[in-house]
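Starting from the known structure of chain A, fit chains B and C onto it as the hints suggest.
Chains as they are written, first to last, in the UniProt record's numbering: chain A, 1 to 173; chain B, 1 to 173; chain C, 1 to 192.
Keep in mind the hints are simulated off the structure, nothing from the lab. Note that the structure is a prediction, hence the values are computed from the model and not measured. Take these hints with a grain of salt, some might be off.
[Stated by the list, open to error] Going by beta-carbon spacing under 8 Å, a handful of chain A positions derived as facing chain C: (1) V60; (2) F156; (3) T158.
[To be verified] Listed next, the stretches of chain B that the computed footprint assigns to chain A, with coverage defined by at least 3 CB atoms under 8 Å from CB atoms of chain A: (4) 84-92; (5) 121-130; (6) 151-162.
[Said to hold, decoys possible] Restricting the straight-line Cα-Cα distance to at most 25 Å, the calculated cross-link-like pairs of lysine to any residue (SDA-like) are: (7) K48(C) / P66(B); (8) K57(C) / V48(A); (9) K48(C) / V84(B); (10) K48(C) / S63(B); (11) K57(C) / E83(B); (12) K174(C) / R187(C); (13) K57(C) / A68(A); (14) K57(C) / I87(B); (15) K48(C) / G37(A); (16) K48(C) / T72(A); (17) K57(C) / P15(C); (18) K48(C) / A62(B); (19) K57(C) / R141(C); (20) K48(C) / R65(B); (21) K48(C) / G159(A); (22) K174(C) / C84(C); (23) K57(C) / F116(A); (24) K57(C) / A62(B); (25) K57(C) / P29(A); (26) K48(C) / T35(A); (27) K48(C) / F89(C); (28) K57(C) / E69(B); (29) K174(C) / L3(C); (30) K48(C) / D73(A); (31) K174(C) / A113(C); (32) K57(C) / P135(A); (33) K57(C) / L120(B); (34) K48(C) / G34(C); (35) K57(C) / R22(C); (36) K57(C) / V90(A); (37) K57(C) / V119(A); (38) K174(C) / R160(A); (39) K57(C) / P66(B); (40) K57(C) / T119(B).
Backbone N, C-alpha and C define an ideal beta-carbon position, used for all residues, glycine too.
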Amino acid sequence: MTETTAVPAPRAVPADTGPTDGGGPSPTPTPALLTPGEAARALTDAPVRLTRGFLGLDPVTRNTALLARQITDREIRVTRYDRALLGYTVNPLQPRQVMVATTSTDPAPLEALLDFLAVYQRATSFVAEVPDGSPVLTALEGCGFIPGGILRGHLFHTGRYRDVLVLHTDREG
Amino acid sequence: MTTATTTHATPAAGAPGGPRLRGYRAGDLPLLTGSWLPGELLGLPVPGRPPLADPATVPPPASDRPGDELYVLPGTAFVRFTEVDWIHRRARLETGFAPGADAHVRALLDAALGHARGTLGLRRVYGWVTPGRPGAEDVLRAVGLAREARIPHALWLDGRPVGRQIWGMCSDD
Amino acid sequence: MPLVTLRHFTEEDIPVRTALLRETRFQANLNDLGVVTSDEALAARQRKSITEEHDIKRLFTICGPGGDIVGFAWITSIDWRSQCCELSFAVLPRYRGAFGAAAVGAAHAHIRAELNMRVVVNQVLEHNTMLVSTEELAERRAVRCPWDSYTLGEWRTACYWTDSEEDVRRSREKSDRRRREIAARIRSGGRT
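Bound-form chain A, shown alone:
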């Protein structure tokens, strides 16, 4: 049988690309809050290896309409920061705790999000869940996230069940 791949990206667009000015990243990136529809499209266009499991969303198995609905229902905020997509949702049982996600392997965009949430949401505790082997783990570790445990067989991706890593960090206010 022919080798086949199953990918969600509908367009042949380099998915790392942000809203660029044609050159490299701007020296002082301006974060842009995305609507749920914009966020869904941005996640769909980004590389699968960076987006699967982004706050529990999966552009491979959900089309943009369904992603947008999940983003709305779960009160997820998605921001574009230079080339990265950043997301967060507040823990309704502990408003000082926020679950965060990034599509970048660079800690800098996530660090900026944590700073923002500390200042404007008075968040002091941050949690992240990433599929085992996710490249964005380096960004989390760079921001001081430490392991909190492993959710066994929590995801089914590309034909097999995979573990999810739970990480957290504190920023005392």
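Relative to the frame of chain A, chains B and C by itself:
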């Protein structure tokens, strides 16, 4: 949280005379509100809660929320599978026990996990556990659950954030 | 054989799929809904599938190596709990010879590897030998159902069968074996 959890009590699900879960009916509504902690896997009443503290509650099934499965042991407890994900074959388990129903804990958890595997075909069940109840971990381990992750500051309780744990189990395919 | 990819069906794809719904062989082999339905109604149905019907139906667009649309696949009768669904697909006329088998393979691979489906129900109308020959259809069908569909003025007989994971594995092995045999024949200059 000072009440010890007993493990002797009623026979396990599947055993002759074991409890049988049945689907939620409108008359079971009083079971859905109580003094357990919100979202708790082992939702036993918490003694000594302030009189003005909001009781925990779970919503009855609704057509616009298809990701929930709600069952009861009549007059005793509810079993709720929420965040049901049929692709990942998993659900988060919550229970809520009426006052004085501690003796049914082991049997109800057995029944719930058996139902998840055997009837719903779920591969993974997990849930939130707030540590501190004597004997609770023994019961959870006895029914096959294991502690997978610790998340600090995950719940606002009695004027401060407290840590929670995620317990779960996976059945092999 | 060419590489094909599967992606979510989008609103931009609706005109291409609508044109396919109007194509004669599609209407004879799958359904002739496109004969009596307006463009607007066909578009509205597809838009509803994209935005609202995720639990009961999923539509996919099959693309060739350059990203061109070569066809569509869709799953219906989805039983998420039982991990079972019915798979249908249609390839654009100009790509049928080149991409038919690859499109089928891509659709099967995606719904198993990503949607975690374990059993796929196939339905092929008996007269339709575009992708499955008459002999293979007779061999694979578990149910032969006369008077199953009425398309383009004729009653059609349908063949049904299911593909489990084990069936897919066997089919893949058979296909690989056939490919190796053909390659060996070519290498030997047809002397075997």
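Here is how each hint holds up against the structure:
1. V60: holds (5 Å)
2. F156: holds (5 Å)
3. T158: holds (5 Å)
4. 84-92: Coverage by chain A holds here, the residue count being 4 at a Cβ distance below 8 Å.
5. 121-130: holds (count 3)
6. 151-162: holds (count 7)
7. K48(C) / P66(B): holds (18 Å)
8. K57(C) / V48(A): holds (23 Å)
9. K48(C) / V84(B): holds (24 Å)
10. K48(C) / S63(B): holds (18 Å)
11. K57(C) / E83(B): holds (20 Å)
12. K174(C) / R187(C): Since the Cα atoms of K174(C) and R187(C) sit roughly 20 Å apart, the hinted pair holds (cutoff 25 Å).
13. K57(C) / A68(A): holds (18 Å)
14. K57(C) / I87(B): holds (14 Å)
15. K48(C) / G37(A): Roughly 16 Å separates the two Cα atoms, so the pair holds.
16. K48(C) / T72(A): holds (19 Å)
17. K57(C) / P15(C): Satisfied, since the Cα-Cα distance of roughly 19 Å is no more than 25 Å.
18. K48(C) / A62(B): This hinted pair holds, its Cα atoms lying about 22 Å apart.
19. K57(C) / R141(C): Between K57(C) and R141(C) the Cα gap is close to 24 Å, so the pair holds against 25 Å.
20. K48(C) / R65(B): holds (19 Å)
21. K48(C) / G159(A): violated (29 Å)
22. K174(C) / C84(C): holds (24 Å)
23. K57(C) / F116(A): violated (40 Å)
24. K57(C) / A62(B): Holds, because 21 Å separates the two Cα atoms, which is no more than 25 Å.
25. K57(C) / P29(A): Not satisfied, since the Cα-Cα distance of roughly 41 Å exceeds 25 Å.
26. K48(C) / T35(A): Since the Cα atoms of K48(C) and T35(A) sit roughly 21 Å apart, the hinted pair holds (cutoff 25 Å).
27. K48(C) / F89(C): holds (19 Å)
28. K57(C) / E69(B): holds (21 Å)
29. K174(C) / L3(C): Within the cut-off at roughly 20 Å; holds.
30. K48(C) / D73(A): holds (19 Å)
31. K174(C) / A113(C): Holds, because 20 Å separates the two Cα atoms, which is no more than 25 Å.
32. K57(C) / P135(A): Roughly 32 Å between the alpha carbons, so the hint for K57(C) and P135(A) is violated.
33. K57(C) / L120(B): holds (21 Å)
34. K48(C) / G34(C): holds (17 Å)
35. K57(C) / R22(C): Within the cut-off at roughly 21 Å; holds.
36. K57(C) / V90(A): violated (32 Å)
37. K57(C) / V119(A): violated (44 Å)
38. K174(C) / R160(A): holds (24 Å)
39. K57(C) / P66(B): holds (15 Å)
40. K57(C) / T119(B): holds (23 Å)
Of the numbered hints listed earlier, those contradicted by the structure are 21, 23, 25, 32, 36, 37.
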